[in-house]
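Participant: Sequence:
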Amino acid sequence: SQCLSTNEVNGIQLLSMERQDFKEIGVCHTGSLAVLMSNIAKLQRSMDEQVVLIEHNPYCFGKIVNHLRLQALCPSEKHLLCASDVNESQQKIFLRTLDYYFPGESASSIFDVSPEIESDSVVLSEQESLQIGS
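In this text, residue positions in the sequence shown follow the working numbering: the first is 1, and each later residue adds one.
No wet-lab data here; the hints were simulated from the structure. Any given hint might turn out to be false.
Unchecked claim - In the DMTMM-like style, the derived pairs of lysine to aspartate or glutamate whose C-alpha atoms are separated by at most 20 Å in a straight line are:
no., residue 1, residue 2
1, Lys78, Asp112
2, Lys42, Asp85
3, Lys92, Glu105
4, Lys23, Glu8
5, Lys92, Asp112
6, Lys42, Asp21
7, Lys42, Glu18
As the list claims (entries may be wrong) - Derived CB-CB ranges, DEER-like:
no., residue 1, residue 2, range
8, Asp99, Gly26, 31 to 37 Å
9, Leu70, Cys3, 50 to 56 Å
10, Leu73, Ser32, 55 to 61 Å
11, Ser5, Ala41, 18 to 24 Å
12, Met47, Arg19, 15 to 21 Å
13, Gln44, Ser106, 27 to 33 Å
14, Asp99, Ala34, 36 to 42 Å
15, Gln2, Arg69, 18 to 24 Å
16, Ser46, Gly26, 25 to 31 Å
17, Ser46, Asn66, 33 to 39 Å
18, Gln71, Ala41, 40 to 46 Å
19, Ser46, His79, 37 to 43 Å
Every residue gets a Cβ at the ideal spot worked out from N, C-alpha and C, and that includes glycine.
Please model the entire structure based on the sequences and the hints provided.
Facilitator: If you want it as structure tokens, here you go:
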């Protein structure tokens, strides 16, 4: 590990290093080289297996980008997207996309995850219906 820090090797460089590269930075012991190469191979395999596939969906990205634009234009008004703002057939992939790009609490700045109140309108979102009603 001292050889790696002395030579300022970062994670990406470490994963692409070969046996000869390690010898050049001072790791010459055959046993150490074998362990290093074996563990790097395991790490590369585990990274390949953990690929998360997020399908590109223009509808979902459009909803998110439009909402972010609206927030940028009107920072004083806090409007969150809710389930009724998203096409019912797209809700599952929308939530998955949102969770991938805005993990954890950051998604709550875009999407209201609280339970929906039944809305009379199929054209307006719940919040728009409430605004008109008041």
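Participant: Evaluate each hint against the coordinates.
Facilitator: For each hint, the structure was consulted:
1. Only pairs whose Cα atoms come within 20 Å are accepted, and Lys78 paired with Asp112 is accepted, the gap being roughly 11 Å.
2. Taking the CA atoms of Lys42 and Asp85, the gap is near 44 Å; set against the 20 Å cutoff, the hint is violated.
3. For the hint linking Lys92 to Glu105, the alpha-carbon distance of about 18 Å falls within 20 Å, and the restraint holds.
4. Among the hinted pairs, Lys23 with Glu8 is consistent with the structure: their alpha-carbon atoms are about 15 Å apart, no more than 20 Å.
5. Proximity of Lys92 to Asp112 is assessed by CA-CA distance (about 14 Å); at most 20 Å being required, the pair is judged to hold.
6. Taking the CA atoms of Lys42 and Asp21, the gap is near 18 Å; set against the 20 Å cutoff, the hint holds.
7. Annotation: proposed proximity of Lys42 to Glu18 holds, straight-line Cα distance about 14 Å (limit 20 Å).
8. Checked against the hint of 31 to 37 Å, the C-beta distance between Asp99 and Gly26 comes to roughly 44 Å, which is inconsistent with it.
9. For the pair Leu70 and Cys3, the beta carbons lie near 52 Å from each other, so the given range of 50 to 56 Å is met.
10. For Leu73 and Ser32, the hinted distance range of 55 to 61 Å is satisfied, since their beta carbons lie about 58 Å from each other.
11. Restraint check, Ser5 to Ala41: a C-beta distance of roughly 22 Å satisfies the suggested window 18 to 24 Å.
12. As the Cβ distance of Met47 to Arg19 is approximately 20 Å, the hint placing it in 15 to 21 Å holds.
13. Between Gln44 and Ser106 the CB atoms are about 30 Å apart, so this pair conforms to the stated range of 27 to 33 Å.
14. Between Asp99 and Ala34 the Cβ separation comes to about 40 Å, which falls inside the hinted range of 36 to 42 Å.
15. At about 50 Å, the CB distance of Gln2 to Arg69 disagrees with the hint of 18 to 24 Å.
16. Between Ser46 and Gly26 the beta carbons are some 27 Å apart, a value that agrees with the proposed interval 25 to 31 Å.
17. Separated by about 37 Å at the C-beta atoms, Ser46 and Asn66 satisfy the suggested range of 33 to 39 Å.
18. The supplied range of 40 to 46 Å is met by Gln71 and Ala41, whose beta-carbon atoms lie about 45 Å from each other.
19. Take Ser46 and His79: their Cβ atoms lie about 41 Å apart, and the range 37 to 43 Å holds.
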